[in-house]
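Take these sequences, add in the hints, and give me the full structure.
Those letters in the sequence shown? Residues 24 to 284, per the working numbering, in order.
Certain hints may be false.
Unchecked claim - Dumping the calculated DSSO-like pairs for lysine-lysine here, alpha-carbon to alpha-carbon at most 30 Å:
hint, residue 1, residue 2
1, 151, 98
2, 98, 50
3, 151, 222
4, 151, 50
5, 151, 97
Treat the hints as calculated values from the structure; they're not laboratory data.
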Amino acid sequence: MNRLSNKVCLVTGGGGAIGHATAKAFKDEGATVIISDISERLLDESAEEIGCSSVVQDVTSEEQWTQVIDEIEKKHGRIDVLVNNAGILGSTENVNPETTQVDEFRRIQLVNVESVMLGCRSVIPAMKRAGGGSIVNISSIAAVLATPFEVAYGVSKAAVRHLSWSVAAHGAPFGIRCNSIMPGQIETGDGGMMDSILKGAARRGEFSDPEAARATFTALIPLGALGTPHDVAMGAVYLASDESRYVSSISLQISGGWLVL
Numbered sequence: 024m025n026r027l028s029n030k031v032c033l034v035t036g037g038g039g040a041i042g043h044a045t046a047k048a049f050k051d052e053g054a055t056v057i058i059s060d061i062s063e064r065l066l067d068e069s070a071e072e073i074g075c076s077s078v079v080q081d082v083t084s085e086e087q088w089t090q091v092i093d094e095i096e097k098k099h100g101r102i103d104v105l106v107n108n109a110g111i112l113g114s115t116e117n118v119n120p121e122t123t124q125v126d127e128f129r130r131i132q133l134v135n136v137e138s139v140m141l142g143c144r145s146v147i148p149a150m151k152r153a154g155g156g157s158i159v160n161i162s163s164i165a166a167v168l169a170t171p172f173e174v175a176y177g178v179s180k181a182a183v184r185h186l187s188w189s190v191a192a193h194g195a196p197f198g199i200r201c202n203s204i205m206p207g208q209i210e211t212g213d214g215g216m217m218d219s220i221l222k223g224a225a226r227r228g229e230f231s232d233p234e235a236a237r238a239t240f241t242a243l244i245p246l247g248a249l250g251t252p253h254d255v256a257m258g259a260v261y262l263a264s265d266e267s268r269y270v271s272s273i274s275l276q277i278s279g280g281w282l283v284l
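If you want it as C-alpha cells, here you go:
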C-alpha cells in the first residue's frame, strides 16, 4: 500500500464525499496529504477522520491559491500532486438553456472552471521546481452528455476537460502530467450532489419522487449500479501514482459504462 509514498498531495474540496475519499485513499497509499475546503466544519471533520493536514481555502481566490501552494512548499519542500476536486452543481431549478440566469451561470463557471485554472496556474511553477508532478482535475460525465436540466454545470465540466488537455500539453516538457476524471452517477449521501440531482428531478415533475429518479438513472448504467466516492478515488490514485507516468491528457471515465449505450 505504498503507491504514493514520498508524494506530497493537495486535494481541494476535501470536506465533500469525493474529496474525502480521495484524500483517504492517498493517505492509505503512503502520501503526505493536505486537504482544503471553504467549509471549516466539513474540513475539520474530514481531516480528523483521515489524519491529515488541512487548510481553509476559497478556491476562487487567486491570493489564497498562492498562499496555500507557498505554505505547502515551505513545510514539505515540494508539491507532487494536485487534485482539483472542489466544485458545485448549482441550482437545480430554472437552469435549462431557456431559463438559466446569467448570475447563476457565471457563479458556476467561477467555482468549477476559473478555480481549476487558478489551481493549475499556481501549482505549475512549484511542480517545475520539483522536477514534475501530476494534476488531476475532476470533470464529469456531464462534459460529454447533453445536460439541458443543468446546462451551466455541463458547460463547466466540459471546460475543465478541455483545460486539462491544454495544461497537459504545456506541462509535458517539464514532466508535469495533467488528466481529468469524468465521474458518472456517484452516490454521495444526503445533501451531496447526487441527492440534489434526484430531488431536483422530482421537483421539476420529471419523476414522482427522488427514488423513482434514482431507479431510472440506475437503469441507464450498464453495470447496473451507482458508483461510490471510493471508485473515483481509486482512479485518482492511479493518475497520481508513478504507474501512470506515461499517461497525460486523458479523460478517465468512471461511470459504470454509461457512455457505451
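Holds or violated: residue 98 and residue 50, Cα atoms, limit 30 Å. Holds: residue 98 and residue 50 sit about 17 Å apart, inside 30 Å.
Verify the proposed pairing of residue 151 with residue 222, using a straight-line Cα cut of 30 Å. This hinted pair is violated, its Cα atoms lying about 44 Å apart.
Below or equal to 30 Å on CA atoms is what counts here, so check residue 151 against residue 98.
holds (17 Å)
Mind checking the alpha carbons of residue 151 and residue 50 for me, to see if they're no more than 30 Å apart?
At roughly 24 Å apart (the allowed maximum being 30 Å), residue 50 and residue 151 satisfy the hint.
Check the hint pairing residue 151 with residue 97 against an upper bound of 30 Å on the C-alpha distance. holds (15 Å)
Taken one by one, the earlier hints fail for this structure only at number 3.
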